[in-house]
Structures are given as C-alpha cells and as structure tokens.
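Chemist: Protein sequences, first through last, are from chains S and W. Each step along the first sequence adds one to the number in this note's numbering, with nothing skipped, and position 279 is 279. Each step along the second sequence adds one to the number in this note's numbering, with nothing skipped, and position 284 is 284.
What the hints contain is simulated information worked out from the structure, not anything from laboratory work. This one's a predicted model, so the numbers in the text were calculated from it and none came from an experiment. Heads up, a few of these hints could be off.
Below 20 Å or equal to it, Euclidean Cα-Cα: the simulated SDA-like pairs (lysine to any residue) are [what the hints assert, rightly or not]:
no., chain 1, residue 1, chain 2, residue 2
1, S, 34, W, 665
2, S, 34, W, 531
3, S, 285, W, 531
4, W, 7, W, 293
5, S, 34, W, 663
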Amino acid sequence: MAQANLPEPEQLALRILRGERAAVAGGLNLLDNKLPEARNRSARLLAALSGERALNDGHLVGVTGPPGAGKSSLVSAMIREWRLAGRTVGVLAVDPSSRPELGGGALLGDRIRIKNSSHDDGLFIRSLANRNQLGGVATEVWPMSWLMLACFDIVVIETVGVGQTEIDIAEIGDTVCYVAQPASGDTIQYLKSGIIEIPDIFVVNKSDIGAAARKTASELGRSAPRPDRRDDWDYPVCLVSATMNTGIRQLNEHFDRHRKYLVGADLLGTLRARHQSGWVVRLLKEEFGTFGLELIGGCAAVGERLGENQHRQFEEYERMRKHILSRFMSASQPSSLTKGAS
Amino acid sequence: MDSVQTKRDRPWLMRTYSGHSSARASNALYRTNLAKGQTGLSVAFDLPTQTGYDADSPLARGEVGKVGVPISHIEDMDQLFDQIPLDQMNTAMTINATAPWLLSLYIGLAQRRGIDPKKLSGTTQNDIIKEYLSRGTYIYPPGPSMRLIADTINYTVKHVPKWNPTNICSYHLQEAGATPVQELAYALCTATAVLDRVQASGEIRPEEFSQVVERISFFVNAGIRFVEECCKLRAFGEMWDELTLTRYKVADPKLRRFRYGVQVNSLGLTEPQPENNVQRIVLEMLAVALSKGARARAIQLPAWNEAMGLPRPWDQQWALRMQQVLAFETDLLEYEDILDGSPVIAAKVRQLVEGARREIENVEAQGGIIAAIESGYVKRELVASHMQRLRAIESGELKIIGVNCFQETAESPLTLGSDGGIMKTDPAAEREQIERLQAHRKKRSEADVQAALQGLSDAARSGDNIMPSSIRCALAGVSTGEWGDSLRAVFGEFRPPTGIDIAIDSRAVLGKKDQVTDLRARVASTGAALGRPLKLLVGKPGLDGHSNGAEQIAVKARDVGFEVVYDGIRLTPQQIAQAAEEEGVHMVGLSILSGSHMELVESVLQELRSRDLASVPVIAGGIIPQEDATKLAALGVSAVYTPKDFNLNTIMADMVDVIRHANGLERLGQLP
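Kindly produce the complete structure, drawing on both the sequences and the hints.
Modeler: So, in structure tokens, the structure goes:
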C-alpha cells in the first residue's frame, strides 16, 4: 500500500530541479523512507540529481554550537540577509531524539525560531530528529542536504553541538560555522577538546551583552588561526547579535568569502566528493553492515571505486547496493550443503 | 431575626466576565446584568482587540467578536458604554498587550463626555508577563512590554488615581498547571519585577512610591481544593505585607494590603455532567470569601457550561445569583475572620509560604522572572506540573466526578434545548464590524490620524510615557490595529519559549506504564510499516493563545515516540499547511479554544488541498460543541477531541489508528 504512493524518481528529480516545493517535500520524504522499494528509488533519485553541477553549485553551510548559544535566532538573521539579497535558502534543522528505551520520540521546535511570520516562497525548512545516531547527525541529513542543494542557493544544516556532532557536520558542510555561547565554560571545554580544528568560521552571538561576549571572542581569536588545516584561510571570529541584527551582513560575507576561497584553491569539488564517498560508505554500512561492505571488497575498495568516478558516485552507489543485494540473495540461496549442515 | 440587626460587612464587587459579537450587543448585555444586581463590569475583548489587529486584518479572520467584544476605535468604546455613567462605574478590562490603548480609549471617551479622568475607577489587567507563560496575547518582547506596564502605572498614579493600572495574575498560571506554591512565587516575582521597573523609571518621587505599591492589585484563581486555596490567599497576604515593607519600605499597613479580584477555576470544569460544575464553582468561591482577612475585593464566577461553549445570559445570571446568595442570604459577612487562630490553617499557610520563598529565591538566582521566562525555565516548570495533573487524572489518583469516576448519568435536561445549552455568537458580527471600521476610517481626519500616530511612534522611540500620545490617538479616531502596528514597527514582535522541551520523566509516571509501552510499540511498528518514524504537526491557528492543550498533546506524543513539530501559537492556516508540506508529516493536529474552529479548520483543510496534501489526516481539539464536531467530520476532519477526552493515552492510540487508516493499514483498536 505505502509503496503504491512512492514517486517516480526521475520525474521527481526534474520537478525538484525546477524548484517545485511539493516535489522537494516529496523527495525529502522518499529519502527518509526505509522501505526496500523506497531505498531503491532514493538511490535513483540521488543519481538523477547528481552530476557535475552538484559538485560545483550552491553553498552547503553547517551551523553548530552548544544549546542556548542562539543558533536558531542567528540562522534566522542570516536567512533574512540572504533573502534580502535575493538568494533562496533551504534549512535542515536537526534536534535530538529521546533515547530508544524512552520511545525515541522528538520535539522539533526550531522551525518557529528560524522563520519569521511572513510567507516566503524562497525559504524551505525541514526539521529532523537525529534518531540517536552516532555523531549526532542522522544518516538522512546528508542525502537530504544534497537534494536541497539541487534547488536552493544556500543550504543550512543546523545541529546542536554536543561534542561529537561537529565532526559529522564537518563531513557535510562546505563551510562549517561554530556558534559560541558567551561567558560559558563550554567554549573553554571546546578549546581544550581539539574539535577547534574543524570550524571555518567562529561566531560569538549575543554581542549585546557586552564584555563577556568580547572576552569569548578574543579567547577564540587567540586559538583560532591554526596552521593545521588550510594554510591560506584566516578562520575569522565574528562578534554578532542576532536579536539586534548587528554584524550579520559581515558574517554572511565571510561565508561567501570562504566559498570563493574553496573554489579558488580548487577545493570545493574535492571536498564534496570526499564528503560524498564518506556518506555513501555510511549509508551502505547502515543498510548492510560491515559484512555487506566486505562482500564488495571492504571500505578501501569502496572508496577507490567512488574516487574513480566523482561525478557519478550515486550511480556507483546504486551499482554497489545491487551488487551487495545480489550477493546477499545468493548467500541465502539454500544449497544442499547448508541444508545438510543444519 | 437576629441577622437583621447585626452589622454586616459590605460585600465584594460582583462581576461577570462578558462581552461578545459587537459593542452594541455587549452594551445591551451589560445593562441587563447591572439591572440584575451586578455591581461592576468585567469586559471581555475579542482576540484581535487583545493582540492589536483591526477586524479586517487577515489574522483576525474568524476571530472577530468570538471570545469578547471587538473594539476597533473610540466610537466602539462609546457604544459599549452607551447609557453607562463612566464616573459611577467600576470597570475591569481583561486586556494586556494593548492595555495602554484600551485605557486610552476609556480616558478619551471620558474626556469627550466631559468627565474628569480622576473620577474613573476600574482595572486594566495589564500583566503581560503571564501572557508569555499562559494565555498568549503578548505582542512585544519583554523589555518593551515591561515599559508599557510601567508607563500605564506612572500615568494613572498621577492622572487617574482611582484606577488599578495592573492586576498581577496568578490566575492564568493555575490554568496552565501551576501548584499553589508556584502561583505564589511567580506572581510575587512578577509584582516585584513591575515595581522595580517603575522605581527605576525615576518618574515617581521616592516619598510617593507607597501610592504606587498600593495601586498594585492581583487577579487570583481558586481551585476545588478550597481549604488549601484559602490558605494560599492568606499566604499571599502575609508575603505581600512583608515584601512591601522590607523591599519598598511602605510604612502604612493599609497600603500594604493584598488586594485581589478573583475568577474561580475553569481548568477543573468538566464537559461530562456539566451541572456538577455548579457545586465546584460554589465551593471555589468559598475559598476566596471565607476568610475575612484574605477576602476578595471582586469576584467573577464562570458559568456551569464554560467547558461546552459560550455561556448564555441565563447561565451568567445563575453565576451572579450564587454570589448574591452567599453575600446576602448566608451569615458569612456578619463575622470577623473565622479562620484566625486555627492551628491547622496556620500550619498550612506556613508550609505554602516556605515553599514559595524557596521558589522565589530560585527565580531570583536566575536573574529574576524575566530571565527565567526567557530561558524557558518557568514555562517548563508549568508544563511539567500540568502534565503531572493529567497523569494523576488518568491514573485515577486525582478523582474528578463524572469524568474518571461515577460516569453513569441520566440525560441532562439542561443540555437538551435546541441551542444545546450554549450561546452562539452572531455570525454576521465580523462582517458588520469590518463595515463599521471601514466607514469610520472614511469619516475621520486623515491628517489628525497621521499626526497622532507620528506622536505615538516618537514617544515609543524616545522613551516618553506612551499614554498621552495614545490618548491623542484615541481622540483622533486611530484604530486598534494602527496603534498595535505603530508599536510593532518600533518594538518588534516576540515569541517566548514553548516550554515543551522538558525531559521525559522515566520514573514510571508516564500514565499507566503498560499502556505507554504498548503505545510506543504501536507508534514504532506503524512508523516501520510506513517506512519512517511517525511525524506529527501540532498547530494552533488563529489568535487564541491558550496553548496548554496543544503543549500537552505535543509532549505526550513525543513521549510515546512521535517526532513532533510544534510551532507555538498564532499561526495562519497557510503557515500551518506550509509547515505540513515542508515537514512531511503524517498527521496535522489543530487546537482551537476561541470558538473559531469552523472557519479556521475549514481554511486549513483548503490550504492542505491546494498543496496536494488532502491525504494527510487532520484532527482537531478544543471547546467544540457536538453539533460543530459533526460538521467538522463532514468537512473531512478525522477526529475531534473535547475536554471530555481527558485520557491522553486513549487519544494517542486513536491518533495512531487515524494515521493507519489513512495509509491503508488495519486499525489496532483500543488499548488493553
């Protein structure tokens, strides 16, 4: 029954590329769907959406930080500026799920904090629960952000940073932005934890509170410019106030500058291709486990195959899925030998 | 008869909270109520008036004249008080975010009638802080809201000295689930925040500050546990006396009196066997009348049928007669405080005072009530208390006659009439109000209006008291929406935390544990069958800010495994349908308590159809009469829940089945 309603992926992809909202919503639903037929169609949809353009267009921005740092209001202020400049924005807002033994439900409350009250066709928000997955970002986030990138100028992924999450975000975003809570121990913990290497841009929100915000900014500033990631990026630290709407335009300019930097250094395509293969491996692992990956030669072999064909990773992904599925089928084919053994 | 000679205390002010459809209809109602012996007025405004929108604003659609009277400009105010002498009337207005505006219309009207504003007496509720926690008719952020409260206080103390400029409300906190200790603590913290703000404004000379303290009054709730409630009011009196003495150095004990008005509890009124509400209301009234030292200054009682819909004039008359019987027939008013000296009462009062002190310290440690609201702390505490109450009802630990015990009943003759025992507002009211407003706009001087609005914006920006420029606006014929919009442009708008992000309490308090386990399995298996976890959108369309029901459904749905999108109050049908599309939900749940369910639900269904989402099932909850529930079902609503559906587990099981049915899966039926 539910399968009867599943859309035709290639048709859907055309509508998504035209920016039809209903198609975007339908595509996100399909990518979220774990029924076997939906998985087949998801792979086809992603393949239909990929290509050279997917590695070069748009801007995938990750925003993370501790709870209470004001991420949503910051994202809201960033969106206001982007929309004023006529750029369309897609948002994936990720919230934590409750533990599986407590039902695994989730309250997704970011939408209203991000959106202002007026109707806007150039903005699309999907909230998502992290579903207790390791790393804090659900497996679905990456294919969903990929879909959004096909039809919005800017795609923002907002997650609560609780340690491990930033690592996942760094494996999705072209540009990763960390929002620090002024005057909070979190920032110091963060500095110590070593995760500081990951964000490309630091933001201290709530600059309206004054000295405490400036202090946090200067702490970040002292430790931020690290030579261990990219030599020629300056890792800016921005002091902004989302509620007073100060410093937001400058922040957005840093995002643009970072994207230009990636393109100029010929890094954008490489970065996305690398992220893409990382998530393909993760998707395969989620569906088939390590055993499934071993059936097609293990992680390294998979990475190699994906690397060989950067623009066609999803077609490759689908081929690998089919391959693993066929191996599973043949492995579970009852043979006279196994019959006798059991 | 002895009692004839005995000296009796003067009774409290008797009011009925009322207003509906139009200024003309409400005026007629007020005059009959006064003729029946009511001694004050209590004006209920409709939601567009309370949230600063004109009747022809898109957000006002379906809400005009529903929960109260629409007042769009000074001519409406004139009609509302037609043949009512303003200098002799005591008028309470339940108005908050737009309190300075409605007070300006009242003062402007008095001036136009040649009445000295110094003779006006009454109350503007004007407690915006509790609006963020319950009720929801806030507009502006906390900073400007506090300023508006302070401006009205500073103005009235000087120019309308008999007016109570603010009525600190613990009433709505109880409706949102507060325990007596929480009510005491948060109301007193709010009063302190207001007084501190007025003090900091520097507009009042230190030696006159006692008069400001004296003008602060309270609006309190009384629930069915009437002994404890009575003790709560004695505790309020003690704590207020102490606070005003120590913190504000008010020397005269008379100026330190805890003055309060009361509306008894509506949360505990039931839809099943609604006649039982009469006993509940009478007992709750005892809580605020029994103890002379802690007796209410003004009482308004709800009607027995409030959980079913709007009360009719006869229902309101019955509520008024309850007060009159207590005041004039019984011997209550012949005695001094009959509870003084009771060690049981004293001990209970002590316990409440101590609990409240601890919670006040807790709030102050967080930087005061505003900070604790902005962080979501207070709201979370209230949502959690309310959740516990519902769980206690579900488990039967908290008994509610006719609801979770003694459900057997004969058919009630009270609800058999052709009107179903409730009042219907005039369906033409909205159109007529819009026509009246548009005609008014044509008549007034545009130059005067623009000049007055400019003066208002200037005052808002400069920090000058907002009242003089608002009164000028009133006299120039400015509309409620224009006043609200001018300040929105300066102050911005605000959405407080929803408070539903409370942690799941894993200690077996989730209703009946086996049912919750079963529900979680149903939610999970249905999600697996559909390919992804069940996702629910909880939406509150319209201007109604009573969000408790929506919040409880959202929290409960999360607890049993739904992924829940809740966007808070005051959304348009278009926003809700758009959210349903963007979020890819399996179901849309709508909560509406303002009586606008027919218009709003129909609009949401239309918006969903226009987005090709007709297959997403829609359910509705609220105060929805049976007749309307049938109509909603015919429009395509899958289920309607009303106050009689108190068991959240049952509702959840039903919701899962609605989703299953909509997706061609077999229903699982009732929980074991």
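Chemist: State for each hint whether it applies.
Modeler: Going down the list of hints, with the structure as the test:
With a C-alpha separation of about 17 Å, the suggested pairing of residue 34 of chain S with residue 665 of chain W holds against the 20 Å cut-off. With a C-alpha separation of about 5 Å, the suggested pair residue 34 of chain S and residue 531 of chain W falls inside the 20 Å cut-off, and the hint holds. As the CA atoms of residue 285 of chain S and residue 531 of chain W are separated by approximately 18 Å, the hinted pair is consistent with the 20 Å bound. Only pairs whose Cα atoms come within 20 Å are accepted, and residue 7 of chain W paired with residue 293 of chain W is accepted, the gap being roughly 17 Å.
Between residue 34 of chain S and residue 663 of chain W, the direct Cα distance comes to roughly 16 Å. Compliance with the 20 Å bound is thereby established for this hinted pair.
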